[in-house]
Amino acid sequence: MIVAAALLALGPRPAAADEALARIRALLDAQPRLRAEFDQTRRSAELERPVLAHGRMLVWREAGVVWQIEQPVKMVVVLREDVTVQIDASGRRRTQRADHDAAAARMGRILGALLNGDTAALEQWFDVAPRMEGQRWTITLTPRRGAMAAFLKSMQVSGDQYVRSVAIDEANGDSTQISFRNHRDAAPLTSEEASLLGVP
Amino acid sequence: MARPASILWAGISVAAAVAAALLLGRYAPVQTDLLALLPATERSAAAERAVAAMRDAAGNRAVFLIGEEDAASARRAAGLFAAQLRGSGAFTSVQLEVPDVDPQRFTAAHREFRFGLLTDADRAVLADGSFDIEQWLLRRLNDPFRTPLGGTLSQDPFGFFDNFIASLPYRHLRFDLDDGLLVVRGETKGARGIHVLVSAELAGSAYDDRIQRSSIAAVAAAETAVHRLAPQAEVLRAGAVFFAESARSSAERDVELIGAGSLIGIVLLMLAVFRSVRPLALGLLTVLTGLGAAVSVTVLAHGEVHVLTLVFGASLIGEAIDYSIQYFSLYAGAGPQWEPKRGLAAVRAGLSLALATSALGYGALMLMPFPAVRQIALFALAGLLAAYLSVLLILPELLKRPYAGDIGRISRPASRLLEWWSARVGPKPAAAVVLTLLVLCVPGWLQLRADDDVRALSSRPAALLEQEARIRSLTGVELGARFFVVEAATAEAALQAEERLTARLRPLVETGELAHYHAVSSFVPSAARQEENRQLLRKNLELDGQRLAEKFRHIGLKSAAAGNLAAAYRESEGRLLTPQVWVASPTAAAFRHLWLGRTGESFASVVVPAGAADNRALEALGAEIPGVTFVDQAASVSRLFGQYRRNLSYGLGVALLLVLGLLSWRYGLWGGAAVLLPAVLGMAAALALGGYAGSAATLFNVMALLLVLGVGVNYSIFLIEGRARAGTTGIAVALSAATTMLSFGLLAFSGTPALAGFGATLLAGIAVTVLGAPLSLSLLPPGARQ
Numbered sequence: 000m001i002v003a004a005a006l007l008a009l010g011p012r013p014a015a016a017d018e019a020l021a022r023i024r025a026l027l028d029a030q031p032r033l034r035a036e037f038d039q040t041r042r043s044a045e046l047e048r049p050v051l052a053h054g055r056m057l058v059w060r061e062a063g064v065v066w067q068i069e070q071p072v073k074m075v076v077v078l079r080e081d082v083t084v085q086i087d088a089s090g091r092r093r094t095q096r097a098d099h100d101a102a103a104a105r106m107g108r109i110l111g112a113l114l115n116g117d118t119a120a121l122e123q124w125f126d127v128a129p130r131m132e133g134q135r136w137t138i139t140l141t142p143r144r145g146a147m148a149a150f151l152k153s154m155q156v157s158g159d160q161y162v163r164s165v166a167i168d169e170a171n172g173d174s175t176q177i178s179f180r181n182h183r184d185a186a187p188l189t190s191e192e193a194s195l196l197g198v199p
Numbered sequence: 000m001a002r003p004a005s006i007l008w009a010g011i012s013v014a015a016a017v018a019a020a021l022l023l024g025r026y027a028p029v030q031t032d033l034l035a036l037l038p039a040t041e042r043s044a045a046a047e048r049a050v051a052a053m054r055d056a057a058g059n060r061a062v063f064l065i066g067e068e069d070a071a072s073a074r075r076a077a078g079l080f081a082a083q084l085r086g087s088g089a090f091t092s093v094q095l096e097v098p099d100v101d102p103q104r105f106t107a108a109h110r111e112f113r114f115g116l117l118t119d120a121d122r123a124v125l126a127d128g129s130f131d132i133e134q135w136l137l138r139r140l141n142d143p144f145r146t147p148l149g150g151t152l153s154q155d156p157f158g159f160f161d162n163f164i165a166s167l168p169y170r171h172l173r174f175d176l177d178d179g180l181l182v183v184r185g186e187t188k189g190a191r192g193i194h195v196l197v198s199a200e201l202a203g204s205a206y207d208d209r210i211q212r213s214s215i216a217a218v219a220a221a222e223t224a225v226h227r228l229a230p231q232a233e234v235l236r237a238g239a240v241f242f243a244e245s246a247r248s249s250a251e252r253d254v255e256l257i258g259a260g261s262l263i264g265i266v267l268l269m270l271a272v273f274r275s276v277r278p279l280a281l282g283l284l285t286v287l288t289g290l291g292a293a294v295s296v297t298v299l300a301h302g303e304v305h306v307l308t309l310v311f312g313a314s315l316i317g318e319a320i321d322y323s324i325q326y327f328s329l330y331a332g333a334g335p336q337w338e339p340k341r342g343l344a345a346v347r348a349g350l351s352l353a354l355a356t357s358a359l360g361y362g363a364l365m366l367m368p369f370p371a372v373r374q375i376a377l378f379a380l381a382g383l384l385a386a387y388l389s390v391l392l393i394l395p396e397l398l399k400r401p402y403a404g405d406i407g408r409i410s411r412p413a414s415r416l417l418e419w420w421s422a423r424v425g426p427k428p429a430a431a432v433v434l435t436l437l438v439l440c441v442p443g444w445l446q447l448r449a450d451d452d453v454r455a456l457s458s459r460p461a462a463l464l465e466q467e468a469r470i471r472s473l474t475g476v477e478l479g480a481r482f483f484v485v486e487a488a489t490a491e492a493a494l495q496a497e498e499r500l501t502a503r504l505r506p507l508v509e510t511g512e513l514a515h516y517h518a519v520s521s522f523v524p525s526a527a528r529q530e531e532n533r534q535l536l537r538k539n540l541e542l543d544g545q546r547l548a549e550k551f552r553h554i555g556l557k558s559a560a561a562g563n564l565a566a567a568y569r570e571s572e573g574r575l576l577t578p579q580v581w582v583a584s585p586t587a588a589a590f591r592h593l594w595l596g597r598t599g600e601s602f603a604s605v606v607v608p609a610g611a612a613d614n615r616a617l618e619a620l621g622a623e624i625p626g627v628t629f630v631d632q633a634a635s636v637s638r639l640f641g642q643y644r645r646n647l648s649y650g651l652g653v654a655l656l657l658v659l660g661l662l663s664w665r666y667g668l669w670g671g672a673a674v675l676l677p678a679v680l681g682m683a684a685a686l687a688l689g690g691y692a693g694s695a696a697t698l699f700n701v702m703a704l705l706l707v708l709g710v711g712v713n714y715s716i717f718l719i720e721g722r723a724r725a726g727t728t729g730i731a732v733a734l735s736a737a738t739t740m741l742s743f744g745l746l747a748f749s750g751t752p753a754l755a756g757f758g759a760t761l762l763a764g765i766a767v768t769v770l771g772a773p774l775s776l777s778l779l780p781p782g783a784r785q
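These protein sequences, in sequence, are chains A and B.
Per numbering that gives the first Met the number 0, the first sequence starts with residue 0, numbered consecutively.
Per numbering that gives the first Met the number 0, the second sequence starts with residue 0, numbered consecutively.
Just chain B, with the same shape it has in the complex (with noise of 0.2 Å):
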């Protein structure tokens, strides 16, 4: 009979296979956006807001332009594209034409605010004294290329509020409004021409799969249908849904190749090695048992399977494997001797000291504060922890007839050869051996170097950066990369911090540095730079007196003009443009995710510069003013990736100890010396043959490191532990090996950078600590533990 032990671990494996069958299957919770693995990158909570909130202003909209030749073909193929959107439902809305804009109801909101809004330049020449009323009445009526934005000649004699308006960042869109649509006027494939705008609505998330799903066939199909009009059309696209379908896709492919390729590697090695099914089938239940429970507890834990996980996940199928290639090696060098219960407590001890190594490994990667790699360190604790569970109370009741075949015919040369390298190999030549592949290592180690790029995250292809950055340059719109997060107590105070930082960043855009800044305090002055401008314009204006009547009248204008002004001005004491207002108001449109609002306990703001300036001088400029900090989130990721990658080297160092002491809790400290050598050696390798390759250390690769203590340690253990049995136990420790390189050896391949380089060090790294475990029986000292 089954012990309860047994039926009752039977019976959770089950559930949590058909629970996670389910997760995955139909729930879907798999996670696509590679921010979400992030940490919090910002120092404040206001610029971690800000970053969520300039995400989520471009996040789930998708942009195209289309561009032809001529404006008639453009529009044709942008009104089909646009058609074909709509039409395919996999967008809440599709804009193509745009309302017709008065500019005189554009700008109203403004109006009534007129006397405190004034560009810097008019400011300056109101300030130092070298207004001349007559002189700018004179030049505002005969300037003939003047357009009237600002009102009529009574509401704006002096074109203060045209400079004004004319200013707004509005001027560096580079959008006409072409008979109800928005176009830009630029070069297509090469050749002059024009593009249409055409913007869509997500109908959710982009980061969810079947909305990037339906909206990318959409698209597909709506291109297909407009080169089938006009095969030279353009279509440019922008948005983050593009890029998180395309992560998606490629992870996806990951996880199939990895998986299928680990699966199939797997059961050819098994049938290989065993020649029987019972095994095989026996691995793969482990091993399904190990991922059912992993993705359960993953979204138990986390609400949700990040799609790196997962690629991570299918490289675990070969490591899972490990506990019963252990078991399944003792069965079958038994014989018809096999008797389940004596076979259990022959590899107890050293799968358990194997699964609390992995333990510390991984273990030690739950303690980074990255979501990312906390949940892929979760999911392989639960995985291995229940393959081993499995390995213990399942595969003894199921495996309990002898081994039909004979192992011998590959266990008896393995034997020969351990026997061979234990008589001739002694402690002197294997530290010989050591200490050259040191040396050799050395030249390696020289030539690394760090590299903490945020895009080692993500592959984004090339095709889309470039449709991305065309679209930039041809718009001018800027999507906002890098920015200030202007933070203060009240809104006023915010408003007067961005003045000061704009009035640092002025002098950029006159050298050329900057292109140009957006800021809310460009179309709404502080309350102070308000009051100050309409004192500059009495003063200069002569609001109270009659000579500004006087200087009307010898120009021509009615002089009650002049009156009028004088009560408007009187009329509009004491109102003032606050944000609030403004960003209700029609100017509030593009530029809207500028302002935070209130964010707690303080309100905060966003400036975003466009230009080359450099990033460290724009972070100094904001750093001396209180309450604005610089936001390059790329940067602040590639930060957090050295620091976590330093702090891990530490504790990498930290392990290593742990380990050792765990190990000669059982072998003596020179005997766990022993066994932790060969695993030393495997990350030294890793590392020298990473410098030899050219490739750059990264954050991923010492996570690896940590794996390849974590798990190449346990090659020694079993080794030690099984020497009574030296040729089964080495056919094991290889096919153990060998699986779990199959599967880190195909997450090399990953599409995605920080998983490949994971995979590659892994691989070389467990490589070496597979070949150099012999070592430690070399150097085991004769008295330590059987």
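Only chain A is shown next, with the shape it has when bound in the complex (with noise of 0.2 Å):
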């Protein structure tokens, strides 16, 4: 959730900050659907070493977030509006209906929120502060007081007219860092895909 946050949300933010963000979006904007690949590195000090993981990631704005790891392990996650689905390596589905489940309801709002531009979404639950260097841009969100704080430090956002890169910092001093790369249009979904996001 968090990351799905991070990779399409650009918070709103008054003056300058504003000006930044409606660049950022601008930027974004031209791309609501697309397929990137990710390398994803998580260090920890309970860790020997950093674990990697590489896959395949699908934003189709209308509709949702398909995060697909290939490796080291089989995974999908489809984050919806009404539903989140994950799918484990030997195809049993773990779905979490946003009428019956609020935890899932509340990651299905922000999410719906963030893929319609409504950037008053993510104010109610991070602090968002934008920052321009030519054509690179970075977005840090932190968290308000509350739960999340609890477990999250922060997360830094950066791009161009792609998110390149995703960096989160748990409390705890673990950390994960998430770059994408080889973005490209993602249409036309595979049948797979399409009935994943329930479009038609």
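Hints should not be assumed to be uniformly reliable.
Going by beta-carbon spacing under 7 Å, a handful of chain A positions derived as facing chain B [to be verified]:
1) R41
2) E45
3) E47
4) R48
5) V50
6) A52
7) I68
8) V72
9) V76
10) A88
11) R143
12) N171
13) T175
Simulated pairs of lysine to aspartate or glutamate, EDC-like, Cα-Cα distance not exceeding 16 Å [stated by the list, open to error]:
14) B:K538 <-> B:D127
15) A:K73 <-> B:D142
16) A:K73 <-> B:E133
17) B:K340 <-> B:E396
18) B:K550 <-> A:E45
19) A:K73 <-> B:D131
Simulated from the structure, these hints should not be mistaken for lab results.
Note that the structure is predicted; figures quoted are calculated from it, not measured.
A virtual CB, placed ideally from N, CA and C, is assigned to each residue, including glycine.
Join these two chains into a complex; the hints should help.
The following block contains the structure:
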């Protein structure tokens, strides 16, 4: 959820910050549907060495996100406004429907707000600080007081016309670094993707 | 000189009236809790206690959601609202800010027991052999969407505890913690908005009218203040106090309307008939002694008076005055020859018989195991007996001077009318009238249907119901109107029964028939289940061997972590999370009421299902598991109403036979039947009119029929007993019926559906009975007693 927010969201901020965000949003708005590959590095004091993973991401702004890890383990997470689905390597699905599960609903609501460019949603959760350096930009999301602050220190999202990287710093010192490459237009969807996202 | 008995009764009456005034005015033991009127509805004692506990859990609390379009405005409005409530002093505590919750600390109580705590989904994987250590470790490590509630990587490397915490019923609550406030995001007034939760603890019982008054006033003032600041703000409320207050004020309006209406009506009628203040004043005196005795006796017997009893009591005014009317008619008819003692002798038999029949009617109600009905019946009996004694003992002392007016101006026409009737309408035409009436009734009876809905007892305002429904849908909080009670000899057995139950509920959740359920066993698995979970983990993780360390190393986790995990597992051997431990832990906060704990010889808990599933399906499902009872209080009460409606219908038949016996003793069998006939006609017509009007037959209509019998039969008795002075007797009967119809007719306008139906049936029944009363003159065999 945190990453999804970071990937898509450009939170609201007044004055200069607003202007920066508007520019960043304009950059990203040109690509509402895209695919990319990602490499993920997980670091923790409890790990002998960083754990690496890679996979593919699909963003379809009206519908949701498909996050697909291929190495070192196969798993798919589908984040939609109405439902969250996890599929493990053996094909076992875990579905949480937003209308019966408030936690899933919360996740879906934020995501939905993000997908629709509703910047008001993010500031309910984060302080949003944008920074521009030429064509490159960075947004720092810091959780506001509340339960999320107990396990999340901050997130940094940076990119140019695409999101290039996301860094997550957890409160316990663990961190996750995700970098994206090979961005391209997402269309057309495969039939499996379409069914996962509920797109006709 | 007055007789000692009269003086004594006068003293008792004054004492009772003063006591009643003090009781109602100063100490206000007026009960407004409608459910206090009901007998035990549930089959088992544990179920009864569960019902009470669930009511208490929500009872003395008021909950508000303050909605605005944006967060800042909502915070401001809620802050003002809470400050206003605090300033009012009407609540013992008002909560707006909540302390920041650290998820780690929140779940700490469960952590030491974590090896025994698994979600059903994880159990299934561990049990079916498809668990793969490496895959699970890698998923836990690489899933960026996971929120690590369960602890650090080495504490919970597979995420089992994480999953368990995430599966707790808290996920059904839609609250977010936003900068120290609990908020829900949803719609406000049709647009997207945010609501802030404010909750307040009442300074006493929600059914205490002083508490009601002060808290309702405080809420109204706070709402006004919020709307001055933010006209758009939405203020939603929920809490027993709001419904109780609305029921009380509705009942108070009824008491005022019926009390004032009957009094004014009686005053006007008495003045119109007797054209003298004396009968009026003395008549009101008998009513007053009746009411005073009624309140005092009821409080003595029940410790309080229910507000519905008072509503009913207000309508008793019209009945209590009947006895004195009989006496006055005789007094007025006697003119200058008035002799109090002789007058008394002339009415005593009729009055005694009338009191006896009323007592039979109310006495039958006393036998019902309904506290409400018993209280009303006791109230009526005490009131009527006191009014009767006042007529016999006080009126002759106070009414010594002969009547100065001339009752003849109205009694003569009445007398001519009755003479005409007696001369012209013989048994045959009378029988024809009776048959015609009964035939006319038949289609009405056929349209009659029964309705035992509990809502007859209360008028729940739609606005409040809607707000409550909005709060429920916004927050996901279930108020628990229906639930399962699980009862067993030990806490462990109760948890195991819960697990058998929830295993049956889960398929309903999957099909969407249920949204979810709340159960203690979701937090605290049974000891057997915890041990089973530990064994599943030991087997799948191979905690005893070296393989786990190898896998850890292979993936990149520090291999010492595997040893630490195994050590933590061994160390927690024999440690069990119990309901006692859970109840004291922070995760119990919003769900503590589910554990009823030791109740007498057994342990009990509550499982609350949420969703649309059919009551009957849930009941059937619960019935299959020993120790589990499905409780739907609304349905239980309705079932009870139905049962008593049927029982009382049989009781009505028995009462008819008893009254017939009583009447036969004086008038012979045929004579008795003739005297009883008008009341039977009145009952038949009241039922038929209900059918024609499309209203349903409820328990309360049957109760009203019982009183049509008890009161209506008096009119025939009075007419027959007073045949010698037909004119004044006729006037007296008409006046009695008019006052009774006036007060019970006003009851038909009560805001409480049960009382309104009761009043309407009585009104129709009494009207037909009094109009039909002359029929008993026609049908009375000539040989019947004078």
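Inset, instruction - Identify every previously stated hint that the structure contradicts and give their numbers, smallest first. - result: none
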